[in-house]
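Participant: So you can see what is in the structure, the chains are spelled out below.
Number of protein chains: 2
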Amino acid sequence: MASSILSSRCSLSSPAAAVARALAPPRMTLACRFQSSVPMPWGSMAVRSVASRNSSLSAVAPETSAKVIDGKLVSGQIKNEVAAEIARMKDTIGIVPGLAVILVGSRKDSQTYVRNKKKACKAVGINSYEVNLPEDCTEEEVLKHIAIFNDDSSVHGILVQLPLPRHMKEENILNAVSIEKDVDGFHPLNIGRLAMQGRDPLFVPCTPKGCMELLHRYDIEIKGKRAVVIGRSNIVGMPVALLLQKANATVSMVHSYTKNPEEITSQADIIVSAAGVANLVRGSWIKPGAVVIDVGINPVDDAESPRGYRLVGDICYEEACEVASAITPVPGGVGPMTIAMLLSNTLESAKRIHNFK
Amino acid sequence: MASSILSSRCSLSSPAAAVARALAPPRMTLACRFQSSVPMPWGSMAVRSVASRNSSLSAVAPETSAKVIDGKLVSGQIKNEVAAEIARMKDTIGIVPGLAVILVGSRKDSQTYVRNKKKACKAVGINSYEVNLPEDCTEEEVLKHIAIFNDDSSVHGILVQLPLPRHMKEENILNAVSIEKDVDGFHPLNIGRLAMQGRDPLFVPCTPKGCMELLHRYDIEIKGKRAVVIGRSNIVGMPVALLLQKANATVSMVHSYTKNPEEITSQADIIVSAAGVANLVRGSWIKPGAVVIDVGINPVDDAESPRGYRLVGDICYEEACEVASAITPVPGGVGPMTIAMLLSNTLESAKRIHNFK
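Top line first, the protein sequences correspond to chains A and B.
Per my numbering, the very first residue in the first sequence carries number 1; after that it's consecutive.
Per my numbering, the very first residue in the second sequence carries number 1; after that it's consecutive.
What the hints contain is simulated information worked out from the structure, not anything from laboratory work.
Careful, some of the hints might be misleading.
Identical copies look the same in the list; a pair holds intra-copy or inter-copy alike.
To be verified - Here are the computed lysine-lysine pairs in the BS3-like style, where the Cα-Cα straight-line distance is at most 30 Å:
1) Lys223 to Lys259
2) Lys259 to Lys169
3) Lys259 to Lys351
4) Lys287 to Lys259
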């Protein structure tokens with residue numbers, strides 16, 4: 001499987017490359033012209049460095065060579081595998097995995113995420129349960145619903161859609177989810193097990209697990225490689241770094257206090273960027289032949305788009321294509337993997353609870 | 001306080017330097033000639049590198065400049081602070097902190113450690129409790145004693161001396177210690193909180209906390225600095241890396257799968273070595289002016305010693321003295337800090353349990 005995926009390249013006419021082309025701005029004219037509308041937390045050095053390298057890189061004729069790591073394709077494969085396993089479980093022991101989602105308030109983006117999760121559950125045969133609570137409900141009401149799902153044997157995974165309203169303490173609510181049903185893997189006990197040698201978490205957080213799955217399915221060696229993770233959030237950067245380290249990479253973490261991010265990233269064989277800064281990582285930040293995983297999904301102004309904006313990653317895709325050996329596009333890279341991993345974690349939970357091998 | 005400590009240097013006649021001189025082998029003749037009697041897990045590259053650099057470095061006249069980071073002195077200060085706080089607590093609310101130690105089997109080294117811990121407790125006014133169980137006792141017996149200490153309100157810290165006999169599962173036993181009394185900080189829930197932004201562990205593991213305390217008390221800036229941690233054990237390397245990262249250093253972890261450790265360490269402003277390999281880190285591995293914290297305590301053959309061996313660190317002390325700006329000796333560096341931090345954690349626990357500010 002890996003070899004057929006690997007044949008797709010930035011510039012070839014494979015399905016993956018077509019996806020990549022559809023997502024990528026026209027060569028040279030739009031490359032990395034989209035700048036983030038959020039403040040850059042990376043210090044003036046990084047910004048200067050980007051500015052000084054831009055002109056010289058733009059002058060060079062592009063020689064695209066990076067393979068496209070096709071998250072849409074891989075997530076589809078994973079969903080098929082999950083669906084097959086769910087069917088086998090139902091046929092064998094009559095159990096259907098269940099995922100409960102708690103949504104507080106009426107944020108449009110959260111509603112979309114929850115709707116997509118429900119749709120994805122349905123497609124693979126997971127029962128989904130949903131509770132919608134008003135924006136002004138109390139922490140106790142949320143906790144009450146978590147307790148009900150904790151005790152409900154038809155529910156194998158519980159997910160509280162973030163962000164929560166400001167008057168709630170996220171930590172209290174996430175800690176209330178039974179560790180056996182914490183399919184998001186955000187419980188500190190899970191994170192602790194992820195960090196420790198000789199221990200395994202019950203669940204690996206979905207997006208970091210998705211990044212690792214892409215590396216594994218594309219046969220990218222991790223052991224002994226230099227890996228740099230950009231960003232150190234609890235939900236992506238930090239757990240990705242722990243996973244890469246568990247896989248025996250030599251890991252460095254770059255963050256907003258790092259003085260010379262480019263110097264460090266340019267030593268890496270594998271770069272995972274989860275900074276949330278549009279086009280932060282330029283071609284000059286990447287070692288020739290490195291593998292680049294882009295977790296960022298950043299809206300940038302684009303007058304040519306009907307919506308007035310478009311989504312780009314943390315990596316300057318056009319420039320990276322010329323340097324990296326493999327790269328995930330945005331969208332269509334890590335994004336689709338997150339839901340696939342949520343489905344996979346829910347199945348895993350049901351199998352563990354019912355001791356189904 | 002820091003300035004008076006900082007005046008001691010490798011070659012000066014301060015008390016700290018005297019300690020260092022007493023510990024260090026005579027210049028040039030013995031420097032780093034002690035090789036580890038344990039197998040090197042660092043690959044042939046590291047070993048070759050050491051061999052090739054050795055002769056050239058020996059030929060250069062030494063110019064010692066590193067300040068000695070005096071763990072014995074700092075740990076004495078911390079013990080005094082802990083003792084004063086315990087006296088205040090006793091006077092104010094009549095509570096005396098208590099530390100319980102469970103020792104299984106009759107390993108000589110473990111008995112020595114437990115004896116030293118009891119002695120240190122006594123010196124600062126902590127009540128110590130001890131249970132000695134035979135080598136062949138069951139896991140259930142150990143768990144029973146943990147449960148008793150968990151419920152005992154006069155006990156604020158519980159410590160299971162490691163290693164445990166082979167027939168016991170360390171994970172089961174350590175997990176049984178109440179998180180509120182886990183003064184060793186080894187519980188995965190504690191480690192998870194250590195890893196996560198916006199969360200704090202109840203207890204920071206003692207040796208890593210000791211390393212950080214030395215950096216803090218010597219006014220060594222961490223924020224924005226490049227830090228490299230060598231070794232990734234659950235009890236030292238990994239938690240030290242998490243702590244350095246929480247303090248906003250840019251952290252890289254070097255371990256047995258790292259192909260070019262010297263290249264990475266030589267970029268670091270702060271090196272913490274917890275590899276357990278005698279004299280692994282040569283002068284050439286260290287950036288001029290770097291701060292070097294040596295957690296290793298390695299026995300090496302020494303025919304001149306009455307015991308037939310001596311203890312050395314992971315860092316080649318003589319060579320490092322010529323390159324680093326500050327360094328911990330072995331012994332007398334990190335070593336004495338571990339027990340001081342255990343006492344500090346026990347006090348902290350008693351204060352938290354009794355809500356004493």
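Participant: Are the hints correct? Go through all of them and say.
Facilitator: Now for the hints, and whether the structure bears them out:
| no. | hint | in the structure |
| --- | --- | --- |
| 1 | Lys223 to Lys259 | both (27 Å within a copy, 10 Å between copies) |
| 2 | Lys259 to Lys169 | neither (33 Å within a copy, 44 Å between copies) |
| 3 | Lys259 to Lys351 | neither (46 Å within a copy, 39 Å between copies) |
| 4 | Lys287 to Lys259 | both (19 Å within a copy, 17 Å between copies) |
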